[in-house]
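Make the complex out of the two chains shown on their own, each in a separate frame, by following the hints.
Given next are the chains, with one letter for each unit.
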Amino acid sequence: MKKLVVIGNGMAGMRCVEEILKRNADQFEITVFGAEPYGNYNRIMLSPVLSGEKTFDEIVINSPEWYAENKITLHTDAEVTEIDRAAKVVKSANGIEAAYDKLLIATGSEPFIIPVPGKDLDGVISFRDMNDVNVMEEAISQYKNAVVIGGGLLGLEAAYGLQRRGMKATVIHLMDTLMERQLDEAAGFLLKQELEGRGIDVLTGANTKEIIGENGRVKKVCLADGREIAADLVVMAVGIRPNVSLGQSAGLEVERGILVNDQLVTSDADIYSIGECVQHRGDCYGLVAPLYEMGKVLADHITGTDNAYQGSVTSTKLKVSGVDVFSAGDFSGGEACEDIVLRDAARGIYKRVVLKDNKVQGAVLYGDTTDGAWYFQMLKDGQDISDIRDLLIFGQAFASGGGATADPLEAVAALAMDAEICGCNGVCKGDIVTAVNEKGLTTLDEVKAHTKASASCGTCSGLVENLLKVTLGDSYQAQTVKPMCGCTEHTHDEVRAAIVEQGLKSIPEAYQALEWKTPDGCSSCRPAMNYYLLCAWPGEYVDDTQSRYINERAHANIQKDGTYSVVPRMWGGLTNPKELRAIADVAEKFDVKTLKVTGGQRIDLFGIKKEDLPAVWADLNAAGMVSGHAYGKSLRTVKTCVGKEWCRFGTQMSMDLGVQLEKLSWGSYMPHKFKMAVSGCPRNCAEATIKDFGVICVDSGYELHIAGNGGIHVRATDLLCKVASEQEVLEYCGAFVQLYREEARYLERTAPWVERVGLDYIKQIVVEDEAKRKELNARFIYSQKFWQDDPWAKAVNEEAAAREFKPLSAVAAE
Amino acid sequence: MSNWIEVGTVNDIPKLGARVVKSMRGDIAVFRTADDEIFAIVDSCPHSGGPLSQGIVHGKAVACPLHNWNIDLETGDVLDPDHGCARVIPVSSKDGIVRIYVEAEATGTHG
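Quick mapping for you: the protein sequence lines, in order, are chains F and Z. Quick note: to get my numbering, add 4 to the position in the first sequence (first position is 1). Quick note: to get my numbering, add 79 to the position in the second sequence (first position is 1).
It is worth saying that the hints were derived from the structure and are not from the lab. Honestly, I wouldn't trust all of these hints.
Facing chain F, a subset of chain Z residues (Cβ under 7 Å, in silico) [stated by the list, open to error]:
hint, residue
1, V86
2, T88
3, N90
4, G96
5, K101
With a cut-off of at most 27 Å between alpha-carbon atoms, the simulated BS3-like pairs for lysine-lysine come out as follows [claimed, not checked]:
hint, chain 1, residue 1, chain 2, residue 2
6, Z, K173, Z, K101
7, Z, K101, F, K597
8, F, K593, Z, K101
9, F, K667, F, K677
10, F, K443, F, K456
11, F, K300, F, K7
12, F, K613, F, K597
13, F, K810, Z, K173
14, Z, K139, F, K443
15, F, K593, F, K564
16, F, K810, Z, K101
17, Z, K139, F, K486
18, Z, K94, F, K521
19, F, K726, F, K778
20, F, K597, F, K667
21, F, K509, F, K521
22, F, K789, F, K667
23, F, K677, F, K75
24, F, K789, F, K776
25, F, K509, Z, K94
26, Z, K173, F, K798
27, F, K172, F, K213
28, F, K798, F, K667
29, F, K564, Z, K94
30, F, K509, Z, K139
31, F, K58, F, K196
32, F, K613, Z, K173
33, F, K6, F, K26
34, F, K564, F, K582
35, F, K443, F, K26
36, F, K810, Z, K139
37, F, K798, Z, K139
38, Z, K101, F, K613
39, F, K521, F, K443
40, F, K564, Z, K173
We put the beta carbon where it would ideally sit given N, CA and C, even for glycine.
So that you can see chain Z by itself, here it is in the shape it has in the complex (with noise of 0.2 Å):
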């Protein structure tokens, strides 16, 4: 099967928002900018696990709503002063269709 999983339309996800993605490993944050470009990344502060899907999207940058780190969402990196970095999921928008890759042992078998 295809790793190249549909998840939905750019119109779905807020602008300077994001929705959230369910897989086996997790969940996952979509994000969409003011400029329409698409982000992914494991939704999990390297923090202390918060949910980035639910913080401010500004820039190309999420603040995790749980204590403010803000972390860039093209690399995962955690930006000055704190420090981390979160996995970021690889993820194309063409025609308006979103789609993530999945690695393949994480689309499971029995699904």
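The shape of chain F in the complex, shown without the other chains (with noise of 0.2 Å):
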């Protein structure tokens, strides 16, 4: 087997190395060099990750085991210093050397400092891969004041995820106009008040002169117009330039990147090179599209296949959450160009196309960049626009539906097959729609896993889901009462339906009457039916503890490192000193690492391992406490305000009616986690209204609301009724609980619930029909007689409940 040898872990090297294993698993014995520590991470997202809306986990492309499994060696922490091309080989700084048949250069390009005095101060980093990231993280918790120098799309997404962890950012930006390369000045403009909008400064046409620093580390940068900005943390990302050094001091023809012809191939026949490093045709990339599609040509080149890169049309777009800006091309203008224009101040929205002989040469779209894929593959084609030219700039669902409606999925069905939906991997929707009909795709997750279109910066998800919607036609409908999970044909509705009219009692029988696909359930619709033969037999049915999430099961939650976290209940928010001894004591002879106050009025206590959590419990136990069930879907909390008892402003007892309340609830496990709250005046210090179900205090009475969330999509209650005493507001509780324990999917918190079946079927039984709710009230009591049973207590002194808290066995320790 001939040998293949990778400089550069990265995106353009790892995605070339999958491509030529999708054609020839065989023809190479493959060795990988890269400098950083981690394997190969999706680098253009690591502006989500440091707003902290990924994880690193999240944007891992391949792990470890990945490259075990395909048999590819790979050196982490190992810069490549020295090729040897007469002996073809390969050295790395900390010593290791790998002969290579074929050699692949994909060093990808480093951030350009700018070289102003104070550039190498402590806390003057540039913002390129994890490492930066890092050092970001530590700023964001001890200081205050960053300065990102560079208005491009780097350094505003920098800003944007500092400016959101907490820090004050300042944007320094040479031109005049934000993202002067990829915007108009009109669009730049819209961008920038944008910005300032979410509390960034910025300025532009601001020169750096100096970095002034105080220690060692930098304190302030200083302006060519005498400006001076406090700074803590200067980010420096003024652009990238290939990294060459490599290919230079190994001989290879270099100018401003590594020359590579149209098959990648160096100066050298043997070495081929891709990527931000690679000058090809008189250009260098630095955006992702373009790597990929060398990735693919290279991969068919060594493979055997005939084919040649002719350089790469770009398109960008900015990831900030909630702004939409979309540019292609060139909308420089010029001799015989045209302008098209639509400006909505009012929804904030600029589009202009650019065109030149009657075709697309650049588009810039600010604030609704929907057609922004549609403009880029009439530019790529060189399309015509003759025919549509009058309606053009109103986007494609008008241009060519005729004007009717600007509906999202004509828009998509109306793409040709091979207009390209994810401009970062390049899939085509011809390339979604076959993978989507062989292999019976239904999510946008499956789509993802399989086409890997919209796994990159995410921004074409809406078209991926849309077009999964065209695609599958009515099937995709029928996907709102899809079934349980793939081990069954059955919805939820029709399970819960079978287990009360045909009696069925246990899991296994259920699994037989209802003719499920496997022999016992997948780790989805088994805690689902567990639940609802709890709930359906209360007394009866014998709780299945294998079927229930590790969080039920260790009556705490798991943490990412395996360890537990424990939160003992707090009744209405309150405690007592005998209570805060209890936990101080557990805290310290635990070795609690972290100790939290809850959102919902507790403490929680992290970082507990799983075979300590009995003795935990033990010592929680013997001050009276018991298990809190943050872990559970059940009743977490009961919030409350102090009211009338200590606020002047307070109109009820709302502590005391809280405490009832988490009284009356605890224990019962329900479709999903359920959170109450008691506020005891109208200024609602409870936050009631985003609560499962929520108590506003007032003179007369007690409002009582229902169905609200403050979770992703937050969502306020609705007002259920208003009633005049506590035991009526128990009372109302009880039924709205159990109806909810008896009718909603597992799974399903009430929001999603109630907005499914609507506010007034709820009314009709909690409120209107009193019979009704006396029952659903009566069942729900009947069935606490059996869960207000403090699980906690349970593990502790039962042996065959303690058994899951201890290890098996050791082998061979000391």
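In structure tokens:
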């Protein structure tokens, strides 16, 4: 087998390796050198990692196991410093040598550092790799002021991320317009306004003269015009340049980048190069799409298929949440160019399409970028637009649909099969349609997993989803009531009905009667089935712990390192010295790493080993505390304000009512977690209007609110009704909870449930039909007889339950 | 010394569940299926190191408790649509006794 050595474990090199493996997995013995200590990650997603919208784990492309599985030798932390072309060997800084038959240089680019005094101070960094993000993370936790030099794509994403994480960010930009290489003046101005509205200071036409430090760390940035900006962190994002030093020292032909021909071959026939380090027909690229295109061409060439890289036309999108900016091609105007412009100031929309000889030459879109892909496709195809010129600026739906509707589904349907949907990964409409049809894909995640469309920057995910809808047609509609999971054709509602009607009382019995396709279900349907059975048959059904998610099985919350967090119940958010002492003692005795007050007015103890859980609980039990079910699909907390007892505005005893509600409903398992709150007056300090069940006390009684949520999609509650007494509050609460328990689907919170069935339906049963309300409440009270039993005490006292927490054995230990 | 080490009985492991065996090379998850088949895998998901022993066992697979990747208990392969491979440990269960195979150097010399 021939030896292929790849220098550079980045996006270009590894994509090319993937493409080679796809074509012929057995042609090469592959060795990869990477200067960074990580596997291969999606560098363009560093911005969302910085802003906290993604985690590093989420942007890893290939794990170490992937390399092993594909028999690739990976050397991380190993920067290659020498290529011996005569001996055909590469050498790394840490002394690793590898012989090659073919060599691929994919060393990418390095950030350009402007040569001003102070550039080497602590706290002055670039924004290029995970290490830079780590330095920024550190700064976020310790310092306040961040200055970003450079108002291009990367600089603005850095500023946005730092600002979002709590630093005060200032952008210093040399030119008069932000992102001047991608945006025209008008769009640049709108972008500047938007960022300023978010609290980021933007200084354009600003020339950095010097960076001043104190005790070795950056202190402020001085501009040529005399202005000074306080800075604890300076991020230089003024541009990149091809990383050519290795190619240069090896004696390859190098100009701005390493020179390659259309087959990506350098001046040495056995050495290829792709990515940001190369110069092809005079151009160097700094975006991901051309890198991927090069990877494909080279993979073809290496595996014996003729192909030639023709250069790339690129488009850009800015990854700042809520700011939609798109640009492509040339929009500098000039001789024989015509502009079509649309402005809608109220909606903050600006669109400009530049035409030359009736062909799209460039496009800038701000505020509404839906048609970006469409313009870009016409630009690449050199399509004559004379026929649709009148409607061109209104977008694809109008231009091709005759102006009837601007339906995004029609727009997707109208796209040609070779229209590009995902620019990052070069995935066309046809690729997705084929995958959906052949592999039977039905969800966005499946399409992403199989085609890579929307897997890189993610801005096309809306488009992919619409394409999925168009492709599946009616069967996509059918997805609104989809089967519980791949193990069955039955829906959640059908399964629940069958359990009650056919008297099914165990999981195996239900699987048999309902003709389950798998012997014992999966991790999705078994917890649901277990819940439906225990809800339907209180006191009869024996809970199956092996069908519960780990948190409910361990009565604690698993954390990312495999340790657990423990939250004891604090009724209505009230505590006392005895409980606090017990918590403090536990924290010391079991080496608790973090003690945190939760949003639900309790205390969370982090970093507890699974084996220690029963001992922790025993100590907490001894002080009178029980499980807080912070881990459960069940009542979490009842948050309260102090109310009439102390507050001069309070109208009712909100703390006491909160405690009563918690004593009523704790312990019960539900379709999903359930949160309550009681506010003592309409000022609503307990935030009752974003809870599943919220009470707002008023002079004349109690307003009952339902189906609020403070999660990803914040939803304020709907007012259910108003009642006069505490007794009624408890009865209505019991009835509402039981209706939710009996009718919502597993893992459906009250907010989507109420939206699905309608508020009127809930009112009809819980408010208007007194008999039904009382029956529901009675069923809830009955069911509670079996569930108000502290699971912690049980685990401490019962041998069978305690087994969960002990290792089976220890082998080969000391 | 023998490399096959007795770690417990089949009945010590819950059906459709797992128990942990501590070893010098890290935890090993020992699983029991509905049909009382026993499998052992290094207790770390190839995705982000989640403790597989804490996942839900179904068929001959386990779902990682952290991000729900599914791992084939027999081969250690990650099931579609994710990719990867977890390390399988040789295991036997005869007459209700579960034994795992520990490589010689891992058994240690100061035990």
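So, going through the hints one by one against the coordinates:
1. V86: holds, 5 Å
2. T88: Hint on T88 (chain Z): violated, closest Cβ of chain F at ~9 Å, above 7 Å.
3. N90: Interface hint status for N90 (chain Z): violated (11 Å vs cutoff 7 Å).
4. G96: This interface hint holds because 5 Å falls under the 7 Å limit.
5. K101: Holds. Min distance 4 Å.
6. Z:K173 to Z:K101: holds, 21 Å
7. Z:K101 to F:K597: Holds. K101 (chain Z) to K597 (chain F) sits at ~23 Å (cutoff 27 Å).
8. F:K593 to Z:K101: Roughly 23 Å between the alpha carbons, so the hint for K593 (chain F) and K101 (chain Z) holds.
9. F:K667 to F:K677: Holds, because 16 Å separates the two Cα atoms, which is no more than 27 Å.
10. F:K443 to F:K456: holds, 14 Å
11. F:K300 to F:K7: holds, 19 Å
12. F:K613 to F:K597: holds, 11 Å
13. F:K810 to Z:K173: It holds: about 23 Å lies between the C-alpha atoms, which stays within 27 Å.
14. Z:K139 to F:K443: holds, 23 Å
15. F:K593 to F:K564: With Cα atoms ~22 Å apart, K593 (chain F) and K564 (chain F) stay inside 27 Å; holds.
16. F:K810 to Z:K101: Judged against 27 Å, a Cα distance of about 10 Å means the pair holds.
17. Z:K139 to F:K486: Cα-Cα ~25 Å, so holds.
18. Z:K94 to F:K521: holds, 20 Å
19. F:K726 to F:K778: Holds - the C-alpha atoms of K778 (chain F) and K726 (chain F) are around 17 Å apart, at most 27 Å.
20. F:K597 to F:K667: violated, 30 Å
21. F:K509 to F:K521: holds, 19 Å
22. F:K789 to F:K667: holds, 12 Å
23. F:K677 to F:K75: violated, 44 Å
24. F:K789 to F:K776: holds, 20 Å
25. F:K509 to Z:K94: Roughly 19 Å between the alpha carbons, so the hint for K509 (chain F) and K94 (chain Z) holds.
26. Z:K173 to F:K798: Violated: K173 (chain Z) and K798 (chain F) sit about 33 Å apart, past 27 Å.
27. F:K172 to F:K213: holds, 21 Å
28. F:K798 to F:K667: holds, 19 Å
29. F:K564 to Z:K94: holds, 26 Å
30. F:K509 to Z:K139: At roughly 25 Å apart (the allowed maximum being 27 Å), K139 (chain Z) and K509 (chain F) satisfy the hint.
31. F:K58 to F:K196: holds, 25 Å
32. F:K613 to Z:K173: violated, 32 Å
33. F:K6 to F:K26: Roughly 17 Å separates the two Cα atoms, so the pair holds.
34. F:K564 to F:K582: Violated: K564 (chain F) and K582 (chain F) sit about 31 Å apart, past 27 Å.
35. F:K443 to F:K26: Cα-Cα ~18 Å, so holds.
36. F:K810 to Z:K139: holds, 23 Å
37. F:K798 to Z:K139: violated, 30 Å
38. Z:K101 to F:K613: holds, 14 Å
39. F:K521 to F:K443: holds, 19 Å
40. F:K564 to Z:K173: violated, 36 Å
Violated hints, listed in ascending order, are 2, 3, 20, 23, 26, 32, 34, 37 and 40; each of the other numbered hints is respected by the structure.
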